[in-house]
Amino acid sequence: MSLLLLIEQVLNGLQFGVMLFLMAAGLTLIFGVMGLINLAHGSLYMIGAFCAAAVAGATGSFVLALVAALAGAAIAGALVEILVIRRLYGKDHLDQVLATFALILIFSEGTRWLFGSFPLFLDVPDALSGPVTLPGGIEYPFYRLTLIAVGLMVALGLFLLISRTRIGIQIRAGENDREMIAALGVDIGRLYTIVFALGAALAGLAGALVGAIQSVQVGMGEPVLILAFVVIVIGGIGSIKGALVGALLVGLTNTLGGIFLPEVMKLFMEPAVATSVGASLASMAIYILMAAVLILKPTGLFGARV
Amino acid sequence: MKFFSLAASAALALGVVSANAEPLKVGMITTLSGGGAGLGIDVRDGFMLAVKQAGNENIEVIIEDDQRKPDIAVQLADKLVQSEKVDVLTGIIWSNLAMAVVPAVTAQGKFYLSPNAGPSALAGKGCHPNYFNVAWQNDNLHEAAGAYAKETGYKKSFILAPNYPAGKDALTGYKRFYDGELAGEIYTKLGQTDYAAELAQIRASDADSVFFFLPGGMGISFLKQYADSGVDLPVVGPAFSFDQGILQAVGDAALGVKNTSQWNKDIDNETNKAFVESFQAEYGRLPSLYASQGFDTANLLLSAMGSADVNDADAFRAALLAADFSSTRGDFEFGPNHHPVQDIFVREVIKEGDVYTNKIIATAMTDRADAYAAECKM
Amino acid sequence: MTRENGLNMLIVAGLVLVPLWAFFADEPFTITLATRAVILAMAAVGLNIALGLGGLISLGHAVFFGLGGYAMGILAYHAQTYTPFVEWPFVIEGTKSMPIIWLVAVVMSSLAAFVIGLLSLRTSGAYFIMITLAFGQMFFFFSISWSAYGGEDGVSIYLRNGFPGLNTLAPIQFYGLCFGLLMLVLLFASLLARSPFGLALNAARQSEQRVQAVGMMPFRLRLAAFVISGAITGLAGALFADLNRFVSPAMFSWQMSGEIMILVILGGVGRLYGPVVGAIVYVMLEHVLGDLSDYWHIYLGVLLLLVVLFVKGGIIGAVSGRRTAHG
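Residue numbers (the working numbering), protein chains in the order written: chain V, 54 to 359; chain H, 359 to 736; chain R, 145 to 471.
Don't take every hint at face value.
[As the list claims (entries may be wrong)] Below, simulated EDC-like cross-link-like pairs (lysine to aspartate or glutamate); rule was C-alpha separation at most 16 Å, straight line:
| id | chain 1 | residue 1 | chain 2 | residue 2 |
| --- | --- | --- | --- | --- |
| 1 | H | LYS513 | H | ASP537 |
| 2 | R | LYS456 | V | ASP145 |
| 3 | H | LYS514 | H | GLU539 |
| 4 | H | LYS631 | H | ASP689 |
| 5 | R | LYS456 | V | ASP148 |
| 6 | V | LYS319 | H | GLU543 |
| 7 | H | LYS483 | H | GLU733 |
| 8 | H | LYS443 | R | ASP170 |
| 9 | H | LYS526 | H | GLU543 |
| 10 | H | LYS717 | H | ASP626 |
| 11 | H | LYS717 | H | ASP624 |
| 12 | H | LYS508 | H | GLU539 |
| 13 | H | LYS533 | H | GLU543 |
| 14 | H | LYS443 | R | GLU430 |
| 15 | H | LYS735 | H | GLU706 |
[Stated by the list, open to error] Only some residues are given here: those of chain V computed to face chain R with a beta carbon under 8 Å:
| id | residue |
| --- | --- |
| 16 | ILE90 |
| 17 | TYR142 |
| 18 | LEU147 |
| 19 | ALA155 |
| 20 | GLU162 |
| 21 | VAL286 |
| 22 | TYR340 |
None of these hints come from the bench; they were simulated from the model. Keep in mind it's a predicted model, so treat the numbers as computed, not measured. Glycine residues also receive a C-beta, built at the ideal position from the N, C-alpha and C atoms.
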């Protein structure tokens, strides 16, 4: 395998990782601030993709589609927070798992009822389509490069938001001591709604961006949701930094595992068997990684609280 | 329970005493909710269209949703056989669900007509006199893609499919008739949606063509990413990733791609023309491969009902085997293992106005049966 | 007698009478549905030992359910094809005998629960939920690509396995067998909860220090609970596979884990009959709502949501009026 191919695959792993980060960031914030396990986060990802596909279909503008995805997911998130999630904060994880699982059912079948059972169309905008040639002669899709850039910019933005702004201070305070910030006169209900809507918007953005190169269909959120959970658990729940590191680890493991494990297996067995065994191992790789991290560090790489 | 009973009331109103006083009961188990619902809805709509057009008063169809879960499908089969006492079952889309349901159903003496899945186990050693497949054996369309690749002169194909039994069958089927070298052979993760890594491997290889079997959303993702990657090799695949239901979601990325299918809307015969027109009129969309299979399945059943009583199993079986109906595919007959012997075509994805669709450009295989018929003893 | 006990007796009576009625009314499908409910209830009783008694929120119990299923599938497959399961160093044949299959299912799932518990119990809270989920996914993806036993297609068994003295193909007899086992498991669970072990486990759930102070190791208590829990769910898995005469990776899926957990929560966490009520209601909902509309998942979702938000202590809690499960 040439060095160029290796670099290209690392880029692919990075791109997958930063998109996972967009999902995981919201999930980990919501868990960190409100102590809520939100299984319905994948539905918000789906809502983003469907809003984008609907608006792109009607207007032909990818920018408007992204705006619609952000807005649609944020509004759906805020509504769900006010109507349902708010009643779950005091409850234990079990009730949260069941209630947000119920939300998945409602969102998935509701979307199917609205948009039908067939996948929707959403494409990469012309300006970003096709490959570009990188230094060293690597041909790489321009859109995927854009995704890496957007993901890293969002990560930077989130760090600034959390560390430099008033709302960020409130979020950090909320993670450490809930009673305290209520006593300081912060409207905690409003803060929770904002955090939830922010997480939802990030998920919706990820759904729209990824939807352009994948299939926009009902049920697209759940596989990503599971991966996002893997990410935040590896990184340590509540930690944005952990989410970023975890997302990149999972992205790289998933991508590189799929390529190298079959090759490694070929050293031991026949090629046909090796391809199949390697592929099986590759699909288990991130879960093995996660179990290994948790066995060594039971609260994840950057997690403090249990 | 959704009854589509055209039976009793009409018969009574006309005062007709038919020879078959008991209507024939059909149980349809198919996927109507969740991710794969589009395929089941098409099969159901095609089937019900044929039933409606026939105006036959002696058929009653009970439709159930399997949610694409094997255990639910088994439970529904039990219900249809035990409570509803159906004579014939049909409708299952997925091979793994068919494997869960069909052996038990046929062992209980019921007929099963498959409108979609054709796992090799049921075509070979596990074949059964009461099991009829009206669609294809699972390998067929992949074999046709291999035959087309050979004829076109591809010498180095890069082939990929998901890591599950149907995926392995697909690559085996392709290799059965393709005789060039392989530039690479990859099993992807089932349900995978990002193919960047595989595309990089294709680009780095010296392949001259790409064959893939990635049904449903996996295929949509792959094609969009393929078009965007700058890899410019010809692609062949089975019809599943290029069908009417999903082509609109793939868009330009699919244009010009060659795919293999036993059916297309431009097959030139009266039945097919009438089917395409009436399906559009009834449901407001173009029919898919799956709709045509549902339609053919119903017409096969109706033709057998016309010449035999379902309670006389031997006569009914012979009537089914005769396949005396006009298929949307033109010629249609069953081989010794009750699987179709049929022509398989090469289609190209084109754009008609705003709608993406297919047109037939060649015939890949003529009168193709399947690789497992010899193993079938019945 | 408390209202909860009365309710429990009502449930048992229903589980006896309804299938009997169905038998005489010639409604075999009702018996099949009841069998499904009873088997799912057993799986959930297993989870309830970890969840209700031990406070261990496992989102990976499908591992044990699936192992039980595959124990049945693999042994019966070899018996059906007359091929030995192991040829070297000694020959092990497949079998169609339920008691042997159950034994294998229980041993396999206990072993798996021991290893998974040993590794997972180092974590707690949300991390525990997620690490059990991860183990579930490993088994799921492994079974999908395990082509010797059908991969995603699973394994079909043409005839239900046998039990000495019974015709298991008759729905009512197979139901009787499953119902009897459920009663035994419930008896075991209630004895366990009142045993010194159960009391210590319960105490460890409420206050770790208190248990450590009297010289017991919460880790060992929890591990034992997790193994027992897994074994019961594994037994249910073997029965479930026999009910369907079929086993597939779907039994290992995270949705399956979620479904078992829903049964427990719906009925009432930590209550002896909670999982039983949950399973009965869930199977009935699935059956009734499925007939209403293609979009019946929406109704199911709304209903579940209402239960979580407004009904404390699950259905048993709501009906018995006792809000908490543990006194």
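For this session: Would you settle whether the hint for VAL286(V) is holds or violated, based on the nearest Cβ-Cβ distance to chain R being less than 8 Å?
Result: At about 4 Å, which falls below the 8 Å cut-off, the nearest Cβ of chain R leaves the hint on VAL286(V) intact, so it holds.
For this session: Quickly compare the C-alpha distance for LYS631(H) and ASP689(H) to 16 Å and report which way the hint goes.
Result: holds (15 Å)
Exercise. Given the hinted pair LYS735(H) and GLU706(H), is their alpha-carbon gap at most 16 Å?
Worked result: The hint is violated at about 38 Å.
Exercise. Minimum Cβ distance from ALA155(V) to chain R below 8 Å?
Worked result: holds (4 Å)
Exercise. Does ASP624(H) lie within 16 Å of LYS717(H) when you go C-alpha to C-alpha?
Worked result: holds (7 Å)
Exercise. Keeping to a limit of 16 Å between CA atoms, is the pair of LYS526(H) and GLU543(H) held or broken?
Worked result: This hinted pair holds, its Cα atoms lying about 11 Å apart.
For this session: Return the status of the interface hint for TYR340(V): holds when the least beta-carbon distance to chain R is below 8 Å, violated otherwise.
Result: holds (4 Å)
Problem set entry | Pairwise hint evaluation, ASP148(V) against LYS456(R), where the allowed Cα distance is 16 Å at most | Holds, because 10 Å separates the two Cα atoms, which is no more than 16 Å.
For this session: Measure nothing beyond the straight line between the CA atoms of LYS508(H) and GLU539(H); if it is 16 Å or shorter, mark the hint as holding.
Result: Satisfied, since the Cα-Cα distance of roughly 11 Å is no more than 16 Å.
Problem set entry | chain R contact restraint for ILE90(V) - C-beta distance below 8 Å | At about 6 Å, which falls below the 8 Å cut-off, the nearest Cβ of chain R leaves the hint on ILE90(V) intact, so it holds.
For this session: Could you check if GLU162(V) really has its C-beta closer than 8 Å to a C-beta on chain R?
Result: This interface hint holds because 4 Å falls under the 8 Å limit.
Exercise. When you check the alpha-carbon spacing of LYS533(H) and GLU543(H), does it fall within 16 Å?
Worked result: holds (11 Å)
The structure fails hints 14, 15 and 17 (numbered hints given earlier, in ascending order).
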